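Enquirer: Here's the letter readout for the chains.
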Amino acid sequence: AQSVTQPDIHITVSEGASLELRCNYSYGATPYLFWYVQSPGQGLQLLLKYFSGDTLVQGIKGFEAEFKRSQSSFNLRKPSVHWSDAAEYFCAVGLNYGGSQGNLIFGKGTKLSVKP
Amino acid sequence: DTEVTQTPKHLVMGMTNKKSLKCEQHMGHRAMYWYKQKAKKPPELMFVYSYEKLSINESVPSRFSPECPNSSLLNLHLHALQPEDSALYLCASSQVRGRGGEKLFFGSGTQLSVL
Chain B
1 AQSVTQPDIH ITVSEGASLE LRCNYSYGAT PYLFWYVQSP GQGLQLLLKY FSGDTLVQGI
61 KGFEAEFKRS QSSFNLRKPS VHWSDAAEYF CAVGLNYGGS QGNLIFGKGT KLSVKP
Chain R
1 DTEVTQTPKH LVMGMTNKKS LKCEQHMGHR AMYWYKQKAK KPPELMFVYS YEKLSINESV
61 PSRFSPECPN SSLLNLHLHA LQPEDSALYL CASSQVRGRG GEKLFFGSGT QLSVL
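The listed protein sequences derive, respectively, from chains B and R.
Just so we're aligned: the first sequence equals residues 1 to 116 in this note's numbering.
Just so we're aligned: the second sequence equals residues 1 to 115 in this note's numbering.
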């Protein structure tokens, strides 16, 4: 069955430091992969997505993610974190077959805190 | 306009009340979604409408009744809810109900408390 695992529940980084959030997926076909960000009490905003092509994907707000098929991973990175990046980050797989086509399966999320 | 607007932002209701959540988008999107998000949990899909027709119902209890009166509006009618239904209810839209790669635009949600 398809699933998404975000191993880190909570990560704290210092402002200006680099960031990597981990995501592993389980899916039978080539997946659509997404990273969404959610600020407290708000909806989700798409940071980036991957389906095919270049395995390094650029997104908004200076984020990028790398798809590694051999590791079933899609980790999110940012070279220098800003205080405004503090939020909850969700990795998701988009289902592309069957009756649930178009549905997103979300990981449990990683909460990012930023120290000044 | 790239917004999905949800009203109300907060709602407190008793278990015998009837209330409705409203969602509106003017991006010409033909797929609209309701998600439920409990505290510190990821969103869970409830319903998907495609071209104003219900296409996915993720085994949601009948006390939640969705309605899509036109391509811009999505309602969620609530009746006889339970305290465990307290959650953030998120509406989203996409251009179409695609093959898994569609970008979803989310509203800010309605924070529902059932007493």
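Incorrect hints may have been included.
Some chain R residues judged to face chain B by a derived CB distance under 7 angstroms, without partners named [what the hints assert, rightly or not]:
1) A39
2) P42
3) M46
4) A87
5) R99
6) S108
7) G109
These are computed hints drawn from the structure, not numbers from a lab.
Fair warning: this is a prediction, and the values are worked out from it, not measured in the lab.
We put the beta carbon where it would ideally sit given N, CA and C, even for glycine.
Enquirer: Among the hints numbered above, which are violated by the structure, and what are their numbers in rising order?
Expert: Per hint list: 1, 3, 4 violated.
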